[in-house]
Amino acid sequence: MTNDTTRDIVLIALFAAIMAVLGVFPPITLPLVGVPITAQSLGVMLAGGILGARRGALAMILFLALVAVGLPLLSGGRGGFAVFLGPSGGFLVGWIVAAFVVGLTIERLWSRLGHVNAFIACVFGGIIVLYAIGIPWIAFAAEISIAQAFVGSMPFIPGDLIKAVIASAVIVTVARSYPIIASP
Amino acid sequence: MLTSDYVPGDSIVHRARPLIKVGLLFLVCTWLFVQEGWPSSTIAGLILAALFAIARIPPTIIVAAIRPALWVLGLIFVAQLFLADWRFAGFVVLRFAVMILAASILTLTTRTSDLVDAIERALSRVLPARSAEAISLALSLCLRFIPRVRGIFEEVKNAQRARGLGTSWRALVTPTIVRALKSADEISRAITARSPETPAGRHVR
Amino acid sequence: MIRLDGVSVRKGDTLILDTISVDLAERRIGIIGPNGSGKSTFARLLNGLEWPTRGSVRVDGAPTDRVSALGKVGFVFQNPDNQIVMPMVDEDLAFGLRKSGLSRSEIGERVEAHLERFGLTHLNERRTHELSGGEKQLIALIGVLVMEPAIIVLDEPTTLLDLRNRRILVALLDQLDQTLIIVSHDLELMASMDRLIWIDEGRIRGDGDAGDIVRAYREAIAAEPC
Numbered sequence: 013m014t015n016d017t018t019r020d021i022v023l024i025a026l027f028a029a030i031m032a033v034l035g036v037f038p039p040i041t042l043p044l045v046g047v048p049i050t051a052q053s054l055g056v057m058l059a060g061g062i063l064g065a066r067r068g069a070l071a072m073i074l075f076l077a078l079v080a081v082g083l084p085l086l087s088g089g090r091g092g093f094a095v096f097l098g099p100s101g102g103f104l105v106g107w108i109v110a111a112f113v114v115g116l117t118i119e120r121l122w123s124r125l126g127h128v129n130a131f132i133a134c135v136f137g138g139i140i141v142l143y144a145i146g147i148p149w150i151a152f153a154a155e156i157s158i159a160q161a162f163v164g165s166m167p168f169i170p171g172d173l174i175k176a177v178i179a180s181a182v183i184v185t186v187a188r189s190y191p192i193i194a195s196p
Numbered sequence: 009m010l011t012s013d014y015v016p017g018d019s020i021v022h023r024a025r026p027l028i029k030v031g032l033l034f035l036v037c038t039w040l041f042v043q044e045g046w047p048s049s050t051i052a053g054l055i056l057a058a059l060f061a062i063a064r065i066p067p068t069i070i071v072a073a074i075r076p077a078l079w080v081l082g083l084i085f086v087a088q089l090f091l092a093d094w095r096f097a098g099f100v101v102l103r104f105a106v107m108i109l110a111a112s113i114l115t116l117t118t119r120t121s122d123l124v125d126a127i128e129r130a131l132s133r134v135l136p137a138r139s140a141e142a143i144s145l146a147l148s149l150c151l152r153f154i155p156r157v158r159g160i161f162e163e164v165k166n167a168q169r170a171r172g173l174g175t176s177w178r179a180l181v182t183p184t185i186v187r188a189l190k191s192a193d194e195i196s197r198a199i200t201a202r203s204p205e206t207p208a209g210r211h212v213r
Numbered sequence: 003m004i005r006l007d008g009v010s011v012r013k014g015d016t017l018i019l020d021t022i023s024v025d026l027a028e029r030r031i032g033i034i035g036p037n038g039s040g041k042s043t044f045a046r047l048l049n050g051l052e053w054p055t056r057g058s059v060r061v062d063g064a065p066t067d068r069v070s071a072l073g074k075v076g077f078v079f080q081n082p083d084n085q086i087v088m089p090m091v092d093e094d095l096a097f098g099l100r101k102s103g104l105s106r107s108e109i110g111e112r113v114e115a116h117l118e119r120f121g122l123t124h125l126n127e128r129r130t131h132e133l134s135g136g137e138k139q140l141i142a143l144i145g146v147l148v149m150e151p152a153i154i155v156l157d158e159p160t161t162l163l164d165l166r167n168r169r170i171l172v173a174l175l176d177q178l179d180q181t182l183i184i185v186s187h188d189l190e191l192m193a194s195m196d197r198l199i200w201i202d203e204g205r206i207r208g209d210g211d212a213g214d215i216v217r218a219y220r221e222a223i224a225a226e227p228c
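Residue numbers (the numbering used here), protein chains in the order written: chain A, 13 to 196; chain B, 9 to 213; chain C, 3 to 228.
Keep in mind that a hint or two might mislead.
[As the list claims (entries may be wrong)] Across the chosen pairs, the derived CB separations fall in these ranges: (1) C:E132 x B:L27: 27 to 37 Å; (2) C:R68 x B:E162: 35 to 45 Å; (3) B:I28 x C:G103: 41 to 51 Å; (4) B:E162 x A:F162: 38 to 48 Å; (5) C:R205 x B:D125: 47 to 57 Å; (6) B:R138 x C:A218: 45 to 55 Å; (7) C:E190 x B:R138: 18 to 28 Å; (8) B:E44 x A:P167: 46 to 56 Å.
Don't read these hints as lab results, they were simulated from the structure.
Please read these numbers as outputs of a predicted model, since none were measured by experiment.
By construction, the Cβ of each residue, glycine as well, lies at the ideal position given by its N, Cα and C atoms.
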């Protein structure tokens with residue numbers, strides 16, 4: 013193991029842990045769709061936006077692996093393989109891709125990173141891409157149409173936009189005070 | 009949170025091979041969804057109760073394991089009461105409880121290291137040794153970091169409060185993350201310092 | 003013995019250490035100096051955590067990018083929270099030995115033996131994050147001792163400890179047969195060393211008898227304008 017891989021492993025483990033800690037904040041569950049609004053989707057944007065695409069996605073894989081083996085680290089103390097089969101299962105798997113896309117977008121915009129660019133990255137990866145994976149799964153698992161699932165997911169958009177605002181502010185501040193993606 | 013809540017013991021539940029326990033957990037949770045309804049959840053709940061008894065897990069610990077989820081379960085129960093009926097609401101909550109407790113029994117009777125070792129062994133059959141090692145290190149580190157990040161978060165929260173600053177999301181998250189990143193870099197150095205067999209490129213920024 | 007030969011460390015435009023040559027052979031060596039003097043960098047050089055921009059650092063003749071050199075030098079960080087990497091005490095103590103070629107039971111025995119030596123067997127099955135600050139510092143030190151290094155470098159080992167835990171740690175350090183190189187602001191501890199090196203602005207400003215150096219250091223600080 014060289015040092016850079018050690019550092020990568022530590023950072024990946026750190027953000028998987030940050031995801032777990034964000035899970036302690038109580039989720040709000042909308043009964044109709046059964047997809048909880050959680051602080052954890054903030055962690056998805058942060059992992060990609062702070063660690064970059066590759067490490068961000070690996071942090072999500074690590075976190076979800078711990079969830080899968082049965083640790084109840086998802087908000088509300090949920091865990092185990094079954095959560096991947098529930099209505100929000102598509103969103104959970106989507107976290108991996110979402111963190112990757114947020115990270116990739118931030119990396120591309122790195123030299124001119126500001127609040128607007130970071131917000132765009134968070135919305136693109138953390139909302140649009142995430143929903144594009146999550147919605148078809150709800151539709152399949154709950155036996156409803158994509159359109160119904162889409163309408164049912166709408167109530168979550170305002171919350172997610174707020175999270176994108178918070179995440180982009182944090183990403184920009186961290187990029188200035190303790191940059192990880194392009195550290196010299 | 010069920011991190012490292014290992015209760016030492018010598019029962020068959022403790023001694024069962026970790027991967028078998030993981031496999032059974034997978035199967036049970038999948039079964040609860042495939043055969044969803046009162047019967048499967050009740051049967052799983054009874055088997056689970058028996059396993060807890062065999063493993064001699066004190067009731068207080070079982071209660072502690074489910075407590076963090078209780079109010080969410082309550083919320084779900086009330087919501088389902090309106091959407092469906094009490095039978096369905098009860099079933100949904102029971103299934104959640106059974107899943108959470110099934111997950112806890114794995115953690116309560118399996119040492120983190122044994123579980124990680126088992127995963128590492130399984131992975132090393134399909135992955136190169138170095139990747140498998142890296143994965144098991146990442147798993148352990150994550151479990152180590154969870155209380156550490158919570159500690160840092162609490163410190164930041166108290167500091168902000170002491171300075172009379174509001175506890176907005178941004179005011180809490182940014183300093184927590186910057187501190188956690190600094191701590192992570194120091195931990196990278198410590199891992200390097202504690203691994204004399206890896207001399208290449210030791211000096212970290 | 004550790005030998006530094008014309009060692010400079012430069013980071014960006016800052017010269018952190020400036021052509022330092024010194025032999026470290028005494029059993030108890032203290033390093034003092036103000037914040038930012040370069041003494042932490044000095045300590046990190048000894049374990050290969052820093053690499054000299056110029057010059058060389060050798061442990062018994064081997065440069066610090068060799069396993070043979072690194073195996074001889076253990077390093078204890080200031081904050082044990084950043085040194086303890088595993089969730090359980092016994093797992094953490096075994097961490098450094100995981101690639102030592104020892105079997106699991108041999109590793110377990112060695113960990114037990116070290117805990118027993120310092121009367122800390124009761125900590126073996128504890129979770130590391132639940133330990134007190136003093137216990138964490140001791141576990142961080144034992145995690146290095148199980149590697150059986152000939153030399154141990156400690157970076158500010160007493161800074162985060164209360165008086166009682168400081169006493170326990172100092173008593174424990176006294177029992178060790180290893181060569182100790184201690185970086186510290188703890189002048190009482192520093193005065194008890196066999197030799198003291200005072201680093202200021204990247205250079206050695208004083209080197210010799212601990213009592214003399216501590217006195218000179220105090221006077222120099224007192225003479226500085228505030």
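Okay, the hints, checked on the actual structure:
1. C:E132 x B:L27: 27 to 37 Å: Holds, at about 28 Å.
2. C:R68 x B:E162: 35 to 45 Å: holds (43 Å)
3. B:I28 x C:G103: 41 to 51 Å: violated (30 Å)
4. B:E162 x A:F162: 38 to 48 Å: Cβ of E162 of chain B to Cβ of F162 of chain A: about 39 Å, so the range 38 to 48 Å holds.
5. C:R205 x B:D125: 47 to 57 Å: At 49 Å between Cβs, range holds.
6. B:R138 x C:A218: 45 to 55 Å: holds (51 Å)
7. C:E190 x B:R138: 18 to 28 Å: violated (46 Å)
8. B:E44 x A:P167: 46 to 56 Å: violated (25 Å)
Of the hints listed earlier, those the structure fails to meet are numbers 3, 7 and 8, in rising order.
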